[in-house]
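K.L.:
Residue strings, one per chain:
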Amino acid sequence: MTTKDYLKQAIVEMKYEEVSSIVHAALKTGLTPLVILENLRDGLGIVGDKYHNGEYFLSELYMAAETMKNALQIIQPLLSDEKGGESEGTVVIGSIEGDIHDFGKTIVSSLLTAAGFNIVDIGIDVPPPRFVDEAERVKADIIGISALLSTTQPSSKKVIEELESRGLRRKYKVILGGTGVDAEMAVQRFGVDAAVFDGSEGVRIIKSWMEEKKRE
Amino acid sequence: MNPKERLLTTLDHREPDRIPLTANLSLDTRMKLQDHYGIKTWKELYEKLGVESDRAGTGIGPPRDWKPKADLLEFCREAGYSPAGEYTSFEEWGVKRKLGSKVPGATLRQFFFTYHPWEHFTEVSQVEQVELPDLEAPGRFDQAKRTVEEFRDKRLIFGGLYHCQWTRAWELRGMMTFMKDLHTNVSMAEAIVDRLNDYYFDVADRLLDLGAEGLSFNEDWGNNKSMFIPPNMWRRIFKPRYKRLFDRAKRRGGFVQFHSDGNITPIVGDLVEIGADILNPVQPECMDQLEVKRKYGEKITIDTGISVQKTLPHGTVDDVKKEVLHAIEHLAPGGGFIYGTSHMAMYDVPVENVVALYDTCRKYGKYPIEIPHH
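Residue numbers (our numbering), protein chains in the order written: chain A, 1 to 216; chain B, 1 to 374.
Calculated from the structure, these hints are not laboratory results. Among the hints, a few may not be true.
Pairs of lysine-lysine, DSSO-like flavour, derived with a Cα cap of 30 Å [stated by the list, open to error]:
(1) LYS158(A) / LYS48(B)
(2) LYS207(A) / LYS310(B)
(3) LYS239(B) / LYS50(A)
(4) LYS154(B) / LYS40(B)
(5) LYS43(B) / LYS154(B)
(6) LYS50(A) / LYS102(B)
(7) LYS40(B) / LYS102(B)
(8) LYS102(B) / LYS145(B)
(9) LYS145(B) / LYS96(B)
(10) LYS43(B) / LYS158(A)
(11) LYS50(A) / LYS32(B)
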């Protein structure tokens, strides 16, 4: 196995404790921080696929993201001068008003952080206008709304209305996530750009939006 | 056939006179239905719908001299819980929570956790030595005694162990911390689960001694996609410990009722193997109910209902009828089947959909099942 394979494997096998020494060892072999980062991210991509196809479970998705965060603590300071060290994009994320569920949001935040995004977590039970206020304040690219219940999901529409009333609708992509979300219905009725019930799928969509944005 | 006989017949995998019906309705939905029918009480509403209270549950209660503080009473009023019930026992365990904001259209509010008292523990010995709510406290089982006296013969009485393993563990430790324990600090995770297991082992015996005819577990193991932890980890850590608790009821010929939201397909066979008799809710949005019936239908009773995430809030009356008829046609024959709402029907549910649900159940839920071509 090559050093690159070890890096990928550290994430895929959730080597939470050992990942720091694996990264240090990789640096000693002469791999650049950017190459190390890319391989760690490849590992995270594999984990996302494994979750998506049912081979991995939620706690594994979480542990892989936490393992990645441990690695990033070493890698990120070294990347500052190097191309590729910049953030992949900024996501404002929160659970919508009336919804107090924290768990899915935390996992998605961990995954996005691990994938190189800057996450601004605005908490739970967040009034719709605050999503827009915060997105404007931190110059976000994407707004992520978490809503687990059929009764709270419709409030995502209020975020869309708030964006529209301030003339900001085209500035932000908005994604709704929650275990009970019916994607087709949510996009149609609430006007969000995407809706998912699978966190790894949400991360994939957010990444593709950022790639599109960078191409524009 | 009275409700208890009807339930016992279906649990015995024989066909009763009709399908036992249940309803989990939010306060707002209940009020809307009462207005719709022009009736005043919850009891009358259930009679109208054809829903019977066939089970009574009792967990442990607070000590006799316990007085709820003003803020707890306010919390209970806003969240819709009894001050002496399972959801307020957090008080004694040291878990802290806060109410969420009011949502237009909903009378009650949700709550969320703000403090997990075991989260800072770093040593197994801390788990082993921490004080738990005293089971010897005078009055602890008063509620259970009253329930047994009131409902003996009328309902099947379940001793509630409710959140006893997984849910209580993460309530005390914090969800993310406990998940991390399960992957990286197994001795800590096991110490937590064992401490709770010993405690609830004792609770189980005391409730059964008082006259409970079974044990009831409320543990959410999945989301719509899959389980929170890998099934093999569940089998290694939780299955033997659940078995130890299930056995308390089984050795006396009692029943085991297990509730878990979400897709728990991988462990249904394990639950059957260690003695679960009733599985709820076998969530229709994410589990193949027909497959559960086909594989385990002779051993486990499927206690389910219509989708409360999709059909009931968002579907038409026709969608409701179609889903109910499909469930009755395929799941009811041979017994081992209870039907109603698969979870709480929230305030966003149209009244006509709930009416259609129970009208269809009453009309087509009589044995022998005969469903018109649909």
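K.L.:
Would you mind marking each hint as holding or not holding in the structure?
P.N.:
Hint check:
no.: 1; hint: LYS158(A) / LYS48(B); verdict: 38 Å, violated
no.: 2; hint: LYS207(A) / LYS310(B); verdict: 29 Å, holds
no.: 3; hint: LYS239(B) / LYS50(A); verdict: 24 Å, holds
no.: 4; hint: LYS154(B) / LYS40(B); verdict: 24 Å, holds
no.: 5; hint: LYS43(B) / LYS154(B); verdict: 15 Å, holds
no.: 6; hint: LYS50(A) / LYS102(B); verdict: 38 Å, violated
no.: 7; hint: LYS40(B) / LYS102(B); verdict: 26 Å, holds
no.: 8; hint: LYS102(B) / LYS145(B); verdict: 36 Å, violated
no.: 9; hint: LYS145(B) / LYS96(B); verdict: 29 Å, holds
no.: 10; hint: LYS43(B) / LYS158(A); verdict: 38 Å, violated
no.: 11; hint: LYS50(A) / LYS32(B); verdict: 45 Å, violated
When each numbered hint is compared with the structure, violations occur for hints 1, 6, 8, 10 and 11.
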